[in-house]
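Chemist: Sequence:
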Amino acid sequence: MSVNKRKIKKPSLMLQVVIGGLAGILVGYFSKTTGLQLEILGTIFMNLIQMIIVPLIFPVIILAIVNISDTKSFGKVAGKSFIYFFSVTTGLIILSVLAGKWTGIGSNFQTGAVSIESLDGIASGIDFQSFFLSIVPSNLFQAFADGNLLPIIFFGIFLGLALVSIGEKGKPVITFFESWSQAMFKMVDYAISFAPIGVFGFLAYDIAAYGIENLFSLGQFVLFTYLAFMIVILIIFPIIAWFFHVSYFTMLKEISDLVVVVFTTGSSSVVLPSLIDRLKKFGVSPSVSSFVTPLGYSFNLDGAGVYISLATMFIVNMYDVTLGFGEIVALVLFLTVITKGIATVPSGAVVVLLAAATQLGLPAEGVALMVSVDFFINMGRSAVNVIGNALAPVLIAQSEDAFVYNKTVDYKKTATEMNE
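Note that this note's numbering gives residue 399 to position 399 of the sequence shown, counting from 1, and the numbers run on in steps of one.
A few of these clues could be false.
[Said to hold, decoys possible] Computed cross-link-like contacts, DSS-like style, restricted to lysine-lysine with a CA-CA straight-line distance of at most 25 Å:
#1 K186 <-> K171
#2 K281 <-> K253
#3 K186 <-> K9
#4 K10 <-> K169
#5 K280 <-> K80
#6 K76 <-> K280
#7 K80 <-> K101
#8 K80 <-> K281
#9 K76 <-> K281
Because the hints were derived from the structure by calculation, they are not lab data.
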């Protein structure tokens, strides 16, 4: 007699994190001694992520420069695309940073006994001459050892330009960095797979050390971030579309099913082929849709930019750090550069957030708290990314007279393509 055995499906990473977080809350609440001891699990998790930051960011910047240079042959479309990408993402980052500063989100979070010695001097102001001089490294290896990302980014930009200028001779090095970056992204996957255990340890410690009240502040951050996402989707994007004389809500209606898929899966890459095809049928020139849409997946990170900016300001406010004009300018420039190229990487936003916190001298413990709610926010973040990357090709095509909306096409039929 044969017995049909059903294979038990492994829970999704998001569900694992939720389970780990709830278990950590219970352990920390009912056994403070055990909760305090479990901090080591969270620390190991954050060390895994920190270990990868510099080896990951360095090749990503180089490859971003190479990709930008390679696309110059596409002329006006490429130029307009990059101007649009950097203008919109920078604008959203500025608004998000200022919103975080003005609202003081995170200021009511109790940091308790967490050390803030690493924050010494951050609020004392920036010497612009010293700041700009520090960008150009006199010793690159020292910058790598210190984890100082700005000089590393500067060197990466120069190296990327040099590799492009030497043509074919630079291809082996470019290929090496492509393989290296893929390996680093795979290491991020490995590290993130440890997230349920890390979140379990951090929340157990946090509840044991500071009480359950902190959870309400994290809940406020999630709600605040989703409010910001809704403002972007329902106010900022429509205003941008209005300037280009494009019916934004018509476009949003036609891609709504794809957005739902992204929101439920938490992954923007899952709908990329269908989105390109949908935009073509929507009236965008095939050449514009095929070029601008995938390019936007690397350079037009609207949702990620909003989230990372708000999360950074949450940590800044949590540790009662005052950022002056110079620090804000430096932070915006840093986030504008560092958010390029990793939007489709699972939990890549966590890596960027930790990089931003490191650059500001903020303790990693603050980022660890963000990790505990990142998977809830990732759904909305991915949805905003996709909507932004649907809008961009339409606007670029409109500016090139390469957009003709066809009302007779049933775009929703293409939704089945994702399952074929």
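Chemist: Are the hints correct? Go through all of them and say.
Modeler: Structure-based check of all given hints:
no.	hint	verdict
1	K186 <-> K171	holds (22 Å)
2	K281 <-> K253	holds (14 Å)
3	K186 <-> K9	holds (22 Å)
4	K10 <-> K169	violated (46 Å)
5	K280 <-> K80	holds (19 Å)
6	K76 <-> K280	holds (19 Å)
7	K80 <-> K101	violated (31 Å)
8	K80 <-> K281	holds (22 Å)
9	K76 <-> K281	holds (23 Å)
Comparing the model with each earlier hint shows violations of hints 4 and 7; every other hint is respected.
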